[in-house]
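If you read the sequences in order, they're chains A and B.
For the record, in the first sequence the residue sitting at position 164 is 163 according to numbering that gives the first Met the number 0, with numbers rising by one throughout.
For the record, in the second sequence the residue sitting at position 338 is 337 according to numbering that gives the first Met the number 0, with numbers rising by one throughout.
It should be emphasised that the hints constitute simulated quantities derived from the structure, not laboratory data.
Careful, some of the hints might be misleading.
Unchecked claim - List of simulated lysine-lysine pairs, DSS-like, C-alpha gap at most 27 angstroms:
no., chain 1, residue 1, chain 2, residue 2
1, A, Lys223, B, Lys89
2, A, Lys326, B, Lys214
3, B, Lys214, A, Lys10
4, A, Lys223, B, Lys214
As the list claims (entries may be wrong) - Residues from chain B shown here face chain A by an in silico Cβ test under 7 angstroms; the list is partial:
no., residue
5, Met95
6, Gly222
7, Ile225
8, Leu228
9, Ala239
10, Ile246
11, Ala247
12, Glu251
13, Glu254
14, Asn261
15, Ala326
16, Leu328
17, Arg330
18, Gln331
19, Ala335
Unchecked claim - Estimated spans, in silico, between C-beta atoms of each pair:
no., chain 1, residue 1, chain 2, residue 2, range
20, B, Ala219, A, Thr63, 52 to 62 angstroms
21, A, Arg337, B, Lys329, 31 to 41 angstroms
22, B, Gln276, A, Glu36, 28 to 38 angstroms
23, B, Asp226, A, Gly226, 15 to 25 angstroms
24, B, Thr308, A, Gly226, 34 to 44 angstroms
25, A, Gly268, B, Ser290, 17 to 27 angstroms
26, B, Gln279, A, Arg30, 44 to 54 angstroms
27, B, Met277, A, Ala85, 16 to 26 angstroms
Backbone N, C-alpha and C define an ideal beta-carbon position, used for all residues, glycine too.
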Amino acid sequence: MHTPLRIDPSKALGDIATFQRKLAAGMGNLRSMREPEYANTPRKLVYSEDKLKVWHFEGHSRPTAKTPLLIVYALVNTVWMTDLQADRSMVRNLLEQGEDVYLIDWGYPDGADRWLTLDDYINGYLDRCVDAVRQRHDLDAINLLGICQGGAFSLCYTALHADKVKNLITMVTPVDFHTSDNMLSHWCRSMDVDLFVDTMGNIPAGLMNYVYLTLKPVRLNQQKYIGMVDILDNPAELENFLRMERWIFDSPDQAGEAFRQFIKDFYQGNKLVKGTLEIGGKPVDLGMVTQPVLNIFAEQDHLVPPDASRAMGKHVGTTDYTQLAFKGGHIGIYVSGRAQREVPPAIHQWLRARD
Amino acid sequence: MPGLVRFENDDFVQQAFARMQGTLYEDAPMADPTNDFIRDYQALAQQSWDAWTRQLQQQQAQPAGNPFFTPPTTPASGNDTLERTLAGLKGYFDWMQGAAAGGAAAQPTDWRQQMQQLFGGASQPFTQAFSGIDSTGAEGFARQWQSWMQAAQRSGFGDLPGTQGPTPAFGLNREQQMQQQAMSAAVLASLQASARYQALIQRANTQGMERLQGKLAQHAEPGRQIDSLKALYDLWVDAAEEAYAEIALSDEFREAYGEMVNTQMHVRQLQQQQTEQMCQQLGVPTRSEVSSLGERLQALRREFRASRTPAPEDHADEIMAMRRELAALKRQLASAAPAAAARTAKPVAPAKTRASAAAKVANKVPAAAPRKSAIASKPRNSPSKRK
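Model the full structure from these sequences, guided by the hints.
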């Protein structure tokens, strides 16, 4: 009978000593380290309204794509996940592929934004951003790339403003919110969202982050930081780690009314796939999405389970639907080495074929 | 940073390490050196954690967001995330030390007994793995409750009645008394809901340990054995997360979670009402008033924009209806085409290609673009599947 534990005591003590050494070295590295910067790919402000900004990115050469691509990010977390660091930037890679890239930065809502609704975001802000890009290029329709909640917004927008969207790309976008493995949705369902929003007003970013951490509490609160000790003596890796920490925790509050609607209609009501969703009093029929659609999702996504995204194929009206399953997680799909090699080229090839 | 200076003294580390190797590899009892080693090492560890705590507290002066409650009076050193992080690292380190000195070094006949030694008792980080999530909300809540009671007493509300159930109130302060009773009842309900939630979290912790036993049993064969504390810890994390996920996706958890959030919000709402009453008496604008102004302003902004929208908006519904009809016709045509083709063409075996090791691509209908090796086509879903 063998024992599953075969831990050499001297090796164990060596591991402890290594752990301590790395901690000591890490302190010095941390002390000398500044707040890590994002990639900051050169960009120009082309439109702004309230706290929202539309950025136009500038590549090394002129874009080869005829139709510009507008990235619509989620309201949770900041848009800079798409341009995190020089060698892990989806924006930069899309530029290198020849795309003409715009990005909506929603900003940080405060009390003045408490009453912004999904109608204000989708038929208001997003529509005016699309118009701004269309006007700059004198085009009837442009390409949209929606990410996560921004993907759901983009789907709704395309259904409601079909003539302004040429091609639609969605990344890690939930469509069916009631798949059995959707933990966030599961937790939301017994919440009294009206009481929650009436009480909280805007939803604090810290609370949102806390909920995300509790999806995998041991991994995200403990194991991650134990793993961090291994890279404390490596300034480059430590900087990457801290940059990601900055992105995770430097996140905006959620405008109360938009949050209320999103939870009630999407998470609780699952109205997007039931066909009962209304934005600004107008029905959102995914059957109206007849543009070519590229749906990219992550196979190890704990925030948006793959099945929640896959469902899109059954509901959109297009005859040109492509889906791409990426081996990675919700964040890895933007920042992993594999993502840099695979995702932007796949997006570009798909778009080029439809430009 | 004196602790750091001593810690960085490599001789000290070397000596401590040499002593601990001596205790392991030499047969001599060496009771005193062992004690010395433990004492030295514990001192070393303590210095390290103290230094780390100081370092990180300096770097992160801003308190992290508290989950569902921000205490009315923010503690000066309040940084829950930092504390949890440090507690996690410290717990892991303590456990490694304990395991190396005791359980892991032994050669037991029963590995389950050895596991009990390694994970039992107050061993860290296992007992505190979920403590961050099961107690943070409750602690915040308890702190807030305490602060609120103190504030209420200072404001002349006296002791909070109603904790034993509502009692009739009358006289000049009737409304305040009724409010306080409602508050007490709400706090009790919230504490009970938090207790139910915490019980589920503790169940996840227990089941995580049971799952770990099962996982370890699969590593008994030579060549598959766990040979480092880190590997053992990682295996436990897998087990704990699996157990947690199973419970977190249960209906029982969903109800407990909802109840916890709802009851906490109810308490908070009652607090806000009382605060607003006090503000009104002092002539201070309230949050409700500001919020109402914001709502009206946003409604005005919408009306203003709508009034500037050009006339075609009048036909928007008609155009939308026509588009919907057109989309339905397109779908009908698209579904009719494959059927017609199937009647006239020989059946062809569906191409089953794999995109790459990393990505799989599936098309409803091949795009106009030349097909690439990374793209596999599949028939478009029938519209009849929708809704």
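Against the structure, the hints:
For the hint linking Lys223 of chain A to Lys89 of chain B, the alpha-carbon distance of about 14 angstroms falls within 27 angstroms, and the restraint holds. Our distance criterion of 27 angstroms between C-alpha atoms is met by Lys326 of chain A and Lys214 of chain B, whose separation comes to about 25 angstroms. With a CA separation close to 23 angstroms, the supplied pair Lys214 of chain B and Lys10 of chain A stays within the 27 angstroms bound. At most 27 angstroms may separate the alpha-carbon atoms for a hinted pair to count; Lys223 of chain A and Lys214 of chain B meet this at roughly 21 angstroms.
Interface restraint check for Met95 of chain B: the shortest CB-CB distance to chain A comes to about 5 angstroms, inside 7 angstroms, so the restraint holds. Restraint check, Gly222 of chain B versus chain A: the minimum CB separation of about 10 angstroms is more than 7 angstroms; hint violated. The beta carbon of Ile225 of chain B comes within 5 angstroms of a beta carbon in chain A, closer than 7 angstroms, and the hint placing it at the interface holds. Proximity of Leu228 of chain B to chain A holds as hinted, the smallest CB-CB distance being about 5 angstroms (cut-off 7 angstroms).
Interface restraint check: Ala239 of chain B against chain A, minimum CB-CB distance 5 angstroms, threshold 7 angstroms, status holds. Because the closest C-beta pair between Ile246 of chain B and chain A is about 11 angstroms apart, greater than 7 angstroms, the hint is violated. Taking 7 angstroms as the C-beta cut-off, the interface hint given for Ala247 of chain B holds, the closest approach to chain A being about 6 angstroms. About 11 angstroms separates the beta-carbon of Glu251 of chain B from the nearest beta-carbon of chain A, more than 7 angstroms, and the hint is not met.
Using the Cβ-Cβ criterion of 7 angstroms, the hint placing Glu254 of chain B at the interface with chain A is satisfied: the shortest such distance is roughly 5 angstroms. Hint status for Asn261 of chain B relative to chain A: holds, with the closest Cβ pair at about 5 angstroms, below 7 angstroms. Taking 7 angstroms as the C-beta contact cut-off toward chain A, the hint placing Ala326 of chain B at the interface holds, the least distance being around 5 angstroms. Annotation: interface hint on Leu328 of chain B violated; nearest CB of chain A at approximately 10 angstroms, more than 7 angstroms.
Hint on Arg330 of chain B holds. Least Cβ distance to chain A is approximately 6 angstroms, under the 7 angstroms limit. Interface hint status for Gln331 of chain B: violated, as the beta-carbon distance to the closest one in chain A is roughly 11 angstroms, over 7 angstroms. Proximity of Ala335 of chain B to chain A is violated relative to the hint, the smallest CB-CB distance being about 12 angstroms (cut-off 7 angstroms). Taking the beta carbon of each, Ala219 of chain B and Thr63 of chain A are about 59 angstroms apart, inside 52 to 62 angstroms as hinted.
At about 36 angstroms, the CB distance of Arg337 of chain A to Lys329 of chain B agrees with the hint of 31 to 41 angstroms. Range check, Gln276 of chain B to Glu36 of chain A: about 48 angstroms between beta-carbon atoms, so the 28 to 38 angstroms window is missed. Range check, Asp226 of chain B to Gly226 of chain A: about 19 angstroms between beta-carbon atoms, so the 15 to 25 angstroms window is met. Taken as a hint, the range 34 to 44 angstroms is violated for the pair Thr308 of chain B and Gly226 of chain A, whose Cβ atoms sit roughly 53 angstroms apart.
Between Gly268 of chain A and Ser290 of chain B the Cβ separation comes to about 25 angstroms, which falls inside the hinted range of 17 to 27 angstroms. Judged by the Cβ atoms, the range 44 to 54 angstroms given for Gln279 of chain B and Arg30 of chain A holds: they are separated by roughly 50 angstroms. Distance hint check: the CB atoms of Met277 of chain B and Ala85 of chain A are about 53 angstroms apart, inconsistent with the given range 16 to 26 angstroms.
Hint compliance for this structure: hints 6, 10, 12, 16, 18, 19, 22, 24, 27 are not met, and every other hint is.
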